[in-house]
Structures are given as C-alpha cells and as structure tokens.
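Visitor: Listed below are the residues making up each chain.
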Amino acid sequence: MISCNGLVLKYCRLCFFSVLASVFSFVTYPQTKITGIVIDSKAQPLAGTSITVKGTYDGSTSDTSGRFSFTTLAKGDVFVVVSHVGYEVYEKKLILEQPEITLKIILRELISEMKAIVVSAGTFEASDKRRATVLKPIDIVTTAGAQADLFGAIGTLPGTQQIGESEGLFVRGGSGAESRVFIDGLLVKNPFNSSLPDISSRGRFSPLLFKGTIFSSGGYSAQYGQGMSSALILESVNLPTRSEIQISLTSIGAMTTFQHLGKKKKSSTGGSLYYGNLSPYYHIIKQRPDFLKAPENAYGEFFFRRMTKGSGILKGYIYTSSIVAALSNPSLNYDSYNDHYNLKNENAYVNISYQRMLGNNWKFLAGNSFNYNRDHIFKGIEGTDTIFNTLRFKQTDICYHSKLMFTKSLRGSSRFNIGFEWLFGDYRIRIVPDIRTSVRSNIYSVFAEEEAYLSKKLVLRAGIRGEFTETGKKFSAAPRLALAYKVGGISQISVAYGWFYQEPETKYLFASSHLQSAKAIHYIANFQRISDKRTFRVELFYKKYNNLVVYDSSDLTTSRSKGNGIASGLEFFWRDKKGFKGIDYWISYSLLNTRRQFLNYPISVQPSFASKHTISVVLKKFVSDISTNFGLTYAFATGRPYFNPNLPPDRFMSEHTIDYHSMSATINYLTPLLKTNSVIFLYITNVLGSKQIFGYHFSDQKNSQGIYSSAAIIPPAKRFIMLGIFMSIGVDRRQDIINN
Amino acid sequence: MRQRIIYLVLLLSLNFISKAQNMNAGKSDSARYFSAMAPNVSMADTATAAGTLTLLANNFERIAQAEKNDWLSYYYAANCYISLAALSENKDIIDDYNDRAELNLSKADSLSKNNSEIYCLYYLLCYTRLKADPMGRYQKYFALGDEYLNMGKQADPGNPRLFLCQAQIVFHTPEAFGGGKKAAKILAEEAIRKYESFVPKSNLHPNWGKNNAQLLMKKLEN
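Protein chains in written order, with the numbering used here: chain A, 1 to 740; chain B, 741 to 962.
Because the hints were derived from the structure by calculation, they are not lab data.
Every residue, glycine too, gets a C-beta built ideally from N, C-alpha and C.
Please note: incorrect hints may appear among the correct ones.
Straight line, CA to CA, 27 Å or less: simulated DSS-like cross-link-like pairs of lysine-lysine [unchecked claim]: (1) B:Lys808 to A:Lys266; (2) B:Lys880 to A:Lys621; (3) B:Lys871 to A:Lys577; (4) A:Lys93 to A:Lys75; (5) A:Lys93 to B:Lys847; (6) A:Lys562 to A:Lys474; (7) B:Lys853 to A:Lys263; (8) A:Lys263 to B:Lys880; (9) A:Lys265 to B:Lys853; (10) A:Lys718 to A:Lys379; (11) A:Lys457 to B:Lys831; (12) A:Lys54 to B:Lys847; (13) A:Lys129 to B:Lys871; (14) B:Lys808 to A:Lys264; (15) A:Lys379 to A:Lys189; (16) A:Lys104 to A:Lys93; (17) B:Lys831 to A:Lys577; (18) A:Lys456 to A:Lys363; (19) A:Lys621 to B:Lys871; (20) B:Lys831 to A:Lys581; (21) A:Lys263 to A:Lys211; (22) A:Lys265 to B:Lys847; (23) A:Lys363 to B:Lys847; (24) A:Lys577 to A:Lys533; (25) A:Lys621 to B:Lys831; (26) A:Lys115 to B:Lys871; (27) A:Lys581 to B:Lys871; (28) A:Lys344 to A:Lys286; (29) A:Lys578 to B:Lys831; (30) A:Lys544 to A:Lys189; (31) A:Lys129 to B:Lys831; (32) B:Lys847 to B:Lys808; (33) A:Lys581 to B:Lys921; (34) B:Lys808 to A:Lys33; (35) A:Lys577 to B:Lys880.
Taking CB as the label site, the calculated pair distances span [stated by the list, open to error]: (36) B:Gly919 to A:Glu88: 36 to 42 Å; (37) A:Ile725 to B:Lys958: 43 to 49 Å; (38) A:Leu458 to B:Ala789: 32 to 38 Å; (39) B:Ala790 to A:Lys486: 25 to 31 Å; (40) A:Ile725 to B:Ala778: 56 to 62 Å.
Here chain A stands alone, though its shape is the one from the complex:
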C-alpha cells in the first residue's frame, strides 16, 4: 500500500510538475519584459518619457537616468510608442516572442512653429504664431500717429521713408509702386484710398482684420512676385473668438461692424459699414487748400469664414467703397487763377481663398483676388466765373490674381512649397469725350521653395520663381535664398539674397511697347537679439536696380527700360519694455544711400522720395490709475532732394527740403460707458506744429522776372486731430489697449 501509495504519489508529483512546468512556461511565455533607455540627440538621458505598448495599458515612464522597464502580456506584432513633451513621437514595431527585449531610443526635439528659428533678414513680423516677434498685432493698432492705420505703424519701422505728400510704402530707396500688399497670399492692387494731389491717403483696410503682418523690406520668399522693393504680407483672422458688435464714432465719420460666430464655432459671418465726411471738421479746422468738396467716403465690407473637412478653411472678403472730393489751389501758371481738381472714386476688392489638408502631409491652397478701381477725374484752371484747360477722364483698373499652392510638411517644421500664379491686368482710360485707350497684361508665374530646418539652429530657405510677362514677351527666373543661424539662446544672424522682377506701371505700358520688367537684386545681412523685454536688430543691405523705366522730359512715348540704380544702407531697431518702468518704446534708425536714373532723370541722383537719415521713436505708457494709455511717436527725416528748374542742368535734384519733424500723440481712455467696453480716444499729429515741406512745385513757364515760380508742398493743415469713441458689445476690446 505504501509502495503503491508511493507510486501514486510519485506519479502524482510527476503529473504535478509537468503541469506546473507547462503552467509556468505558459505564464512566462506571453509576458515580455521590455527594458531600455531614452536619450536625446546629444545622448542626454530623457526622464519622464512615456513608453507604451500601443492599444494596451502596458508601459512605463523613464526615470532620471532615462531608463525604463516593464512587462507586457501582448503577443506578436505590436507598436511601442515613445513620447516626451517637446520631442517628436517615436513609434517602433516589435515582435514579441522572446522573453526580454532591450531598446535604445533616441528622441528628436520637436521644432514647433512657435519657437522655430525664422529668417529675420529683411523681415519684421507681427504675429501671435511665434512667441519671439519684434511686434505684436496689437502694436499695429496702438501705435500713435498710425491712427489705427496699418501703414502708419509700418512707417515706424526701419527701412521706410517719411513721405507726406503721397501714399504708399517707400522702402529702401524704392518708390511706392515698388511695394506690394498681399492679403492671404493674394495681391491687393490698390491698398490705399485714391488721393488728392499732394495729400497722402490712408490704407483701405482696418488692422483688426488681420492676425498676422509681415513687413518685408527685401529678400522675401519666392511665393511673392511683382514687387521690386518690399512686400507687406497680411494674414486675415480665421475665426473671431466670439460674436460682437462694434461701433465707432469719430470727428470724421462713423462705423459699425457686426460679426457672428456660428454656434459650433465652425463658421462666422460679418460685415461693416462706414461713412465719413470731413466737411464739419474742415469748418472748424481751416485747411490750406480750398476744399470745394471736403472728402466724403463710404465703404462696406462683408466677410465669411467656414471651417471645412480636412482642417480646411474657406475665407471670403468683399470690400467696396466710394469717395468724392474736390479742391482748388492757387495756380502757379496763371496769376489769380486756381488749379481745380475733382475726384470721384469707386473701388472693389474681393478675396476668396480656400485651403485644406490633402493627406500625406500635403496642404492645398487656392485663392483668387479681384481688384477694381475707377477714378473719375476732372481738372481745370478756374477763375471767378470761368474754367478752362479742362480735362475730364475716367481711368479703370482691373486686376485679377489667381494662385494655387501645394505645401508639403516635412520633418520638423521644414516644408516644401510649389505653386502657380496668374496675374491679369486690364487698364483703360477714357478721356472725355472720345479718346479711349487700354492696355492688358498677363503674367504667368511658377514657384518652388523649400524651407529646411537643417538643425534646430539653422534654417535655409531656397526658392526659385519663374515669370513669363506677356507685355515684355520674356521669361525670367528669379532665385531667392535666405538663411538664419542661431548663435546663442536669443541671438541669430540671418542673410538673404534674391532677384525681384516687376512689370512697369501701366501708365508706361500704355505709352510704349518696348518695355521689359525692371529687376532688383537684394543682398541683406542681419543680426537680431530678442528677449521677452528687449529687441535689438541691425541690418545691412545692398540693392541693385536694372531696367527701370526712363523717358525724355515729359514724353512717355519715349519710355524704355534703360534706367538703373543702387541703394545701400544700415538700419537699427531697438525695443525695450523694461528699461523705464511701465514704458514700452522702440527706436528705428535708417541710413540710406541711394541713386537712380529713372523716369525723366537726366543723370543718376538720389530720388525725391529718399531721405539719407530717418529716425522713428515710438513710446507707450499705460497709467492704470486712470485707465489711460498714452502714446507718442516722433519721426525725423533729413531733407529730400527736389528738382529746381531755375538751376543749371548739372545741378539736377541738388537742392534739399528742410528736415522733417513730426511728433504725434494719442490718448486712449478706457471706460465701461453704457455697460459696453469703450475707448475714448484722441489723436493729434504734429503736436509741436513743426514746419513740414515735402517738396516744391514749379511753374511751367518763366515769370516776368525770368524765373520759374515755386510753391512748397505742405500738408493741408498743420495738424490733424481726431476725437472719437469706440464701443464694443460682446467682447472686451479694452484689452487691446491695456495690453501695452
């Protein structure tokens, strides 16, 4: 029995052990131990990294030495996901069949758009997209002297000229026509209101429409063409944060804006209406010219935005405006007569763009802009009850821009762009009664560009743009190159180089069919140091112009592409938010050496729109006790050359106007008036009443003393004053002002 028992026992034990053995092997077999280490690209251990077997609860977090260890019951093919905040996610396929796997994982640092190094040569960016920018969108709105005019604020940056007698961005020796404005990548042909002679006009668009502004004073991306000197690149707001109504009443006009944000925050629609009339203001504050009709203008805007599938967005913007004005100035050519000028303008701008993801990291963007501008102009010499030498004409400018672009996101923040553009222009003049003439232009472009993050510290942007210009019957290729390299935590150096072509202005295309696109070559080197509170920039540039339009005296039919020029200079920018408590200020300085032979210049000289030295100082302070924001902007420019026909030809453009000084002030008082969030504001330009002369006009004929008589070009009044209130219902716009 015992033996039998012993036998049974033995048998049982055997059974047991075999069962147990199989059980243990069964237990240990599906369980895999995964151990390893996570390091960064500099071989430093990464603590706090999450390691997970995809789709399971199995995983671990690396310790301070970067090591981890865990077991998983998953079998076969699995994915291990390794993630660490601020690093690219790493995924690895594993086949779990052995009991232990050891991994060595190297994570790459994520280069997010927010902190990626960007090309700074020739570029000033005001955007929320990146943390380290020189300006914020809000700076554009709150800069004194800018009167909430986009271009006024841009005018405080280095590279821009202080031009009071006409609108436009005059950048680094380039004329106003050489600067181009783009909204969401699409051209705005007439970004400024039509102006009266010798009076600059404001920009058409409110800065509140845009979330990002890039002002490029040269060397910009291959995506943009037909601007020889400068590009102002505006990015419109996607969706507003909430529905709101804004009302503004000023001493010169009234505006109301409404915008509605869809319930699901996927769409918004809105619009605004403006009516302005300077007549009451001109009655109180006397103007030098006799305004027979003080400028009266109205505009309407409509916009919609809709988020669509594939993180797409469809944006539409429609703008239409009209202005009427008439003035007369004492005539230089006819004693006791006046030069009469009457303007009526109609303008429309439509911008529709759509973008979406296509998969495989491709993004697609299509856009169209349509520009329509018509000026009705009547000119004449006016006596007490006669008017002669009259000229009545109507000029219509239509421009259509179509753009198609594909962007591939590559590793890090690198990307590759390829795109096509078609720019169509139709310009016609009708001189009443029956002279009609017109000119058409077609420009077809293609561009490709890569922005490559070669390392966290180095970005290279290389692109090429090909343009076929129908009027010149010529294909030209424009290379663009830029790079930026971080030399310290907050410092970087950046260089840019590029060729830029621009078709001559339509008024010359009319007159001559032998014109080529003008060409500029830019070389730019920049050093920039940005911390949260302080920014320092210094930039050197050299530009060469070729094929500028020249003609003999005032005969446009002799126009030919034979002009040329150069520009070089040095610019500084300093912004400081901590040196003086509670004060935010910036200083821009531009040194410009430029000469060009163009238009009817007989020799190469400094053009009339170029000052050698320009300085801007912008100062802002918020006094919280009285909820008031104070701003001061001071602008200085050395005198600009002008043509004096009384001098011998070899002294062409040898005389200079007096230096330009302008101090403007702004006061914004924030108040919860009538339960809305309101801002009461006051703007005054030229507070000190400095004498400003922008140039001189000369008579066509010599007078009885044998000289050409002259008249200085000066502003219509010493100062411009605007008092107003801005009310916002639904959103706290006061924060815009407090912000500084």
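Since the structure of chain A is already known, use the hints to place chain B on it.
Guide: Same frame as chain A, but now just chain B:
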C-alpha cells in the same frame, strides 16, 4: 502540506492566467479600467512635483489611448499638463505642455460635449497660455477664458471648480482690472459652498480642489 502549497500555487497561477487572458481579450473591462484609473486619480489630487505630474500624465494618456472612448483619462492627462505648465518657468516648455493639454482636452471635449469640467480646464489653459506670452496673448486669452468660464457655469452651475479657479485667477489680477482679494474672497466662498453640496458621479469623476479652496480662503482672510 507540500501538496497543498503546490495546489495553491497551481490555483493561483490558473487564476492569474485566466485574468491575464481576460486582460488581453476584454479591452474595456470596467474593473481593470477602474483599478488602473483609481490610484492615479487619487494621486493627481495631491500631486505638485513635476516628476509625479509627468508620471501621472503618462499614465492617463496610456489609459486614454487604450480606451479611446473615455473622456476622463484625457481630462486627467490634460489637467496634469496644465499643472506642469503652471509650474514651469521656461516659456518654450510652457507652450509644449499647453499644446499637449489642448490636444487631450480637444479629445475629451469630442467625447463628452458641453461638459462643465472640461470647460473648467479650458479656462485654466487660457491662463497657462497667457503665461508663455502675456504681452502678445492678453487680448485673445482674456476674452476666451471668460467665455469658457461662462460656458462652464452654464453647463453646470453647481461645479465648484469653476469658482475655485476663477477665485485664484481673480486673486492674482490687479484691482484696477477687477481683481484683488475682495473680489476673490466672494468667489472662494461661493466655491466652498458649492463643494459642500457637490457629489461626483463616480469615484473617478473630477472631485479635486476642496482643500485648495480652503487654503485659498485662509490666504484671503489674512
């Protein structure tokens, strides 16, 4: 005796095997989910060290990616990242945390619509966003924060965390802009009142902040 031990081992092993098989088979096993979440949720309530918060964030994200349809794990992961952003002084890293918090919050939001607790974290996120770039973001996130706060209060007027968070933010806002101790105290009192009557839907649902409300109240009373 030995036999019994062996039996026991065998039994336990078998039990373990079946459990392990279950673990692999039934993904949304509620007991398994509960046992994974519970220790992390209770730790999250008191965690203040960056290391612990990171560990918890990782754990919650791991549960979230396995479950896919559970807003709570995304919610808690977001909460950890917001705390990490609030703790951090490096502005680049603050935004990395913010981005991660937002990613988790948007997933939570898509799984549980119009949820007061999720709005509460969105509200906090506005302020950690602000922290990375006060000058540039003031305008946007002030308005947006207010909106989330209102949406949160509308979705659940009884949520004490909204009042606690608001009290803390108001406490750190200058009086000129409607902040200060006085205004904060009213909100803190309201928060404490709401905590008294607040009952979470389950042991895993958000129930944090009661101690903080009392700590804040002490600060405000002095």
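Visitor: If a hint holds in the structure, say so; if it does not, say that too.
Guide: Against the structure, the hints:
no., hint, in the structure
1, B:Lys808 to A:Lys266, "holds, 24 Å"
2, B:Lys880 to A:Lys621, "holds, 21 Å"
3, B:Lys871 to A:Lys577, "holds, 17 Å"
4, A:Lys93 to A:Lys75, "holds, 12 Å"
5, A:Lys93 to B:Lys847, "holds, 25 Å"
6, A:Lys562 to A:Lys474, "holds, 16 Å"
7, B:Lys853 to A:Lys263, "holds, 13 Å"
8, A:Lys263 to B:Lys880, "holds, 19 Å"
9, A:Lys265 to B:Lys853, "holds, 14 Å"
10, A:Lys718 to A:Lys379, "holds, 26 Å"
11, A:Lys457 to B:Lys831, "holds, 18 Å"
12, A:Lys54 to B:Lys847, "holds, 17 Å"
13, A:Lys129 to B:Lys871, "holds, 15 Å"
14, B:Lys808 to A:Lys264, "holds, 23 Å"
15, A:Lys379 to A:Lys189, "holds, 25 Å"
16, A:Lys104 to A:Lys93, "holds, 13 Å"
17, B:Lys831 to A:Lys577, "holds, 18 Å"
18, A:Lys456 to A:Lys363, "holds, 23 Å"
19, A:Lys621 to B:Lys871, "holds, 21 Å"
20, B:Lys831 to A:Lys581, "holds, 22 Å"
21, A:Lys263 to A:Lys211, "holds, 22 Å"
22, A:Lys265 to B:Lys847, "holds, 16 Å"
23, A:Lys363 to B:Lys847, "holds, 23 Å"
24, A:Lys577 to A:Lys533, "holds, 5 Å"
25, A:Lys621 to B:Lys831, "holds, 25 Å"
26, A:Lys115 to B:Lys871, "holds, 15 Å"
27, A:Lys581 to B:Lys871, "holds, 20 Å"
28, A:Lys344 to A:Lys286, "holds, 23 Å"
29, A:Lys578 to B:Lys831, "holds, 18 Å"
30, A:Lys544 to A:Lys189, "holds, 25 Å"
31, A:Lys129 to B:Lys831, "holds, 14 Å"
32, B:Lys847 to B:Lys808, "holds, 9 Å"
33, A:Lys581 to B:Lys921, "holds, 25 Å"
34, B:Lys808 to A:Lys33, "holds, 25 Å"
35, A:Lys577 to B:Lys880, "holds, 21 Å"
36, B:Gly919 to A:Glu88: 36 to 42 Å, "holds, 40 Å"
37, A:Ile725 to B:Lys958: 43 to 49 Å, "holds, 44 Å"
38, A:Leu458 to B:Ala789: 32 to 38 Å, "holds, 36 Å"
39, B:Ala790 to A:Lys486: 25 to 31 Å, "holds, 27 Å"
40, A:Ile725 to B:Ala778: 56 to 62 Å, "holds, 57 Å"
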